[in-house]
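For the record, the sequence lines run as chains W and C. When the letters of the first sequence are read in order and numbered with my numbering, they come out as residues 1 to 580. When the letters of the second sequence are read in order and numbered with my numbering, they come out as residues 1 to 187.
None of these hints come from the bench; they were simulated from the model. Just so you know, not all the hints are guaranteed correct.
[What the hints assert, rightly or not] Listed below are several chain C residues computed to face chain W (Cβ distance under 8 Å; list not exhaustive):
(1) Ala45
(2) Leu49
(3) Asn68
(4) Ile176
[Said to hold, decoys possible] Covered by chain W, per the in silico footprint, the following chain C stretches (three or more residues, Cβ under 8 Å):
(5) 77-87
(6) 100-106
Please read all numbers here as calculations on a predicted model, not as lab measurements. Beta carbons: idealized from backbone N, C-alpha and C, even for Gly.
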Amino acid sequence: MRNEGIKFLKRISLLILVSLFLSLSFSCRPREIEVPEPPSDRHQPFNFIGKRGMVVAAHPLAAQAGLEMLKKGGNAIDAAVTTAFALNASEPFASGIGGGGFMVIYLASEKRVTVINFREKAPSNASPEMFMDEGKTREDWRRTHGLAVAVPGALAGWNYALSKYGTKKLAEVMERAIEIAEKGFVVSKTFSTINKDEYEKLLMNGGEESCYLNEGFPFEPGDIFQNENLARTLKLIAANGIHEFYKGEIARKIVTAVKEKGGMITSEDLESYGPTEQAPLNGTYKDYRIFTNVPPGSGGLLIIQLLNILENWPIKKWGHNSQTYIHHFSEALRFVFADRGRYLGDPEFISIPMDKLTSKEYASQIVSKISPDRPLDFYPYGKFDESEDKKDNTTHLCVVDEEGNIVSLTQTINHFFGSGIIPEDTGFLLNNQMDDFSRDPSSLNAPRPRRRPLSSMGPLIMFKGEKPFLILGSPGGTRIFSSLTQIIINIIEFKMFLDDAIEAPRFFTYSVGGKPRSISLESRVAETIVKALEAMGHEMRIREDYDKYFGGAQGILILHGKKIIYGGADSRRDGFGAGY
Amino acid sequence: MKKTSITLLLSLFLFTITAFSLQEKKEPSPTFEQPLLITSAGQSAEVQLASVLAKRASLDFKLSKLANPADLENIKTLVLVLGLSMKGLGAAGLDLAKEKERISTLIKEAEKKKIPILFLHLGGEARRGQLSDELITSFLPYGKMVIVVKSGNKDKLFNRICNENNIPLIEVEKTIDALVPFKGAFK
């Protein structure tokens, strides 16, 4: 009996010792941030949290791939390129090696911002009338034909950034993308909906055997999407370098595929493609400084122009999405669109009055023309192409690393699933970026040899004083700069937290030929506001609650005082963040 | 007493099972005749899916996304593919009101010519929502048969309308599963 009592006491003591050891060992570990799980309702605002680094992208697998690279010791540029490759595998309908984009980089040690422009270029045989047939524009040639394909720049741009500012080798940053393409992943509702929307194009250019169709039908949510051809293509590039794409076997397949569909890209066009590095465009909003890309990415310039106009009004007093706010913002947008059509194009070939467009004085002139109680019936004449209104594609990713380096990257293959043309057995989609050139042969943005088409992309980094505060970008065609400006205003004026600002209801309008178009808005905006705007003379167009028409923004907010990094990812697409 | 209750319960159970299987599971007996005209009701891309289904089913069909009454000439069945796409409407230069008007005119002409209507809803959950539902509730009662992909009928809206109007409803898991009932519906 006594022995049993001693045994019992020994057991209890042992248990206490083990418990003590375990609790001590846990408390001695560096404290990791408690990362809450995103809510099941994906539209409920949710901020991803990190202390050392953060990656936000349009697909969870891509964000995770970027984070793994950061944890392996890669810097923000390594992680951004890893994420970009992973997006090619996990969100292939929005971007990839068949497309192009812009990358804004902040180098913490140098306190310098730089921009890499890897926008696609027109083939050397392009001409302003290339889409005209018997005096009329052929819309199908601009979008789903071989002529729609511009010379891809993504791979050259990523490789340039990696070689100059990264620390890892090309093959290393491609590993995860190859794995995703090989193993596959579960198709989301977003993927499936877009796959169905673009079914006709995929069927036309890839047939029922297209790797982006499931036995000839669109993928349904829950299906597994694998892309072994893409995995093979990426492995080839990893082994032989980007020359494989611009000069090797893949280049030959691109030229053949484009030619078969009536296009004009030559092997010389591919061989001669190169990205450019440029100084950023910068502007201010109150105490904040914005660094962004320069044209042909017009988004950054137009965000600065819009913010310059908005700075003149008591926005905070008017209230978020109030009648007065939406009216004034919409009028500003219509003026900005007129300028976009009138002045913008590829700055390598035309002169753009950037100083004038981004000046506070010019913004004041526009403000003085806007009436507080009614929309104008005429805006300065512009040549903005109405059909651009139909796009809601592209993708954005942001990365912050432990050293404070930052990447804000927006890229695209233009329309969802691009041109729908897939070079033989390669598994990647070619862009239809030529559709971003103007329909008007006399426009500054008409297609011409080796020019880059105008874009609305506007990846940006915003500073408060000397420190980076907000990294932001979005897809969404011509809605990009309107949506990003609304998010910035939501944060600065309406004091919303990052993801609340991203998820808040959005609106958009524009002008064509000096005439206002309707205001599109998400149905979450109160009906009373819609009615009041109608009473003012605006035509209103109600869209879905969370409509991807307005983009899919990704952002990172850095609170230096609290040493916390927040990531916000748009639920209008499959946005996701990963921090540590 | 106990025996009677059990018999009653069993009967009720069997009746329910039969009723459900009649409404949702039963393969259609060939009802419709060829040739058929396939058109969209809402300009979603699913109209193209319907044409691939018709092709695989070796049906004699004509596809016209923007069909008008004149297209019904020599047609024996009208197939309306339900699902609203703002993008599709925009590309076709239409708004919802104009699209509703086009479908109404087409249905009226079909009724006049005694052409039966088969409805397909192939877009699943993504093609549900306030605006798509407006089309569904307005036009579905004119159907002689409905085939719907399950995820688009989670709230049983199609069951409700079909019950009220005595329309046979076939629910399938995925788009590709619509092939068998679609083929089977035609003589």
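For each hint, the structure was consulted:
The criterion of a C-beta within 8 Å of any C-beta in chain W is met by Ala45(C), whose closest approach is roughly 5 Å, and the hint holds. Annotation: interface hint on Leu49(C) holds; nearest CB of chain W at approximately 6 Å, less than 8 Å. Annotation: interface hint on Asn68(C) violated; nearest CB of chain W at approximately 20 Å, more than 8 Å. With its C-beta approaching chain W no nearer than about 5 Å, Ile176(C) sits inside the 8 Å limit, and its interface hint holds.
With a cut-off of 8 Å between beta carbons, the stretch 77-87 of chain C has 3 residues touching chain W; three or more are needed, and the interface restraint holds. Interface restraint, the stretch 100-106 of chain C with chain W: violated (0 residues with C-beta to C-beta distance below 8 Å; minimum three).
The structure is inconsistent with the numbered hints 3, 6, although it conforms to all the rest.
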